[in-house]
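Novice: Residue strings, one per chain:
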Amino acid sequence: SQQGEEDPQALSIQEGENATMNCSYKTSINNLQWYRQNSGRGLVHLILIRSNEREKHSGRLRVTLDTSKKSSSLLITASRAADTASYFCATAYSGYSTLTFGKGTMLLVSP
Amino acid sequence: SQTIHQWPATLVQPVGSPLSLECTVEGTSNPNLYWYRQAAGRGLQLLFYSVGIGQISSEVPQNLSASRPQDRQFILSSKKLLLSDSGFYLCAWTRTEGYNSPLHFGNGTRLTVT
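Protein chains in written order, with the working numbering: chain A, 1 to 111; chain B, 112 to 225.
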């Protein structure tokens, strides 16, 4: 399967702490994207990072990409209870015309 | 701005009954359209995608079908539902660049087949 894998499957932290989620994939990619899903809702796009980029920032989010290790990480700094959600990575594999999603990391931020 | 509408939000259907889920996009033209299914605790499985009217690509062989009768309308159908069709169905769109642009999702339909 070409599916990427997020790690950990679940993460529980306190408000104010940083949350780090990782994604590993198998073959060369055009880009990698991170999405957030609140319970029972659709996914919301967070960040797209291209294969020739190493790091991108958006507000409290920082995404890194290491193509030599075929991995990416999503860092959420100064977490808030409202950050509680599932986070998915999705990879655009070279030669494929659609995205492949991982199973996600469930993040719980406690007040 | 662009918006995506998906309905109904929840649906309970008996085994063997037909299905029709509808999705429409506003504020853009010639979008790529997608149907995904999400099983509990699982990632998203791509079912169908379309790059234009009448053009449907199927990713997973099953008793579901999709149609795109208008540029911004995408319909997921089944003639006879199976128990295994239960799940969370998500419609999404991207700009014509496809995977090089973000996916924008609807709020999903929770389908329970009884």
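It is worth saying that the hints were derived from the structure and are not from the lab. Among the hints, a few may not be true.
Unchecked claim - Some chain A residues close to chain B (C-beta under 7 angstroms, calculated; not the full set): (1) 45; (2) 98; (3) 99.
Every residue gets a Cβ at the ideal spot worked out from N, C-alpha and C, and that includes glycine.
Novice: With 7 angstroms as the cut and Cβ atoms as the points, is residue 99 of chain A at the interface with chain B?
Specialist: Cβ of residue 99 of chain A sits 5 angstroms from chain B, so the hint holds.
Novice: Tell me if residue 98 of chain A is really an interface residue toward chain B, meaning its C-beta lies closer than 7 angstroms to one of theirs.
Specialist: The hint holds - residue 98 of chain A has a Cβ within 7 angstroms of chain B, the shortest such distance being about 6 angstroms.
Novice: Report holds or violated for the interface hint on residue 45 of chain A, using the least CB-CB distance to chain B and a cut-off of 7 angstroms.
Specialist: holds (4 angstroms)
Every hint, counting from the list given before, is met by this structure.
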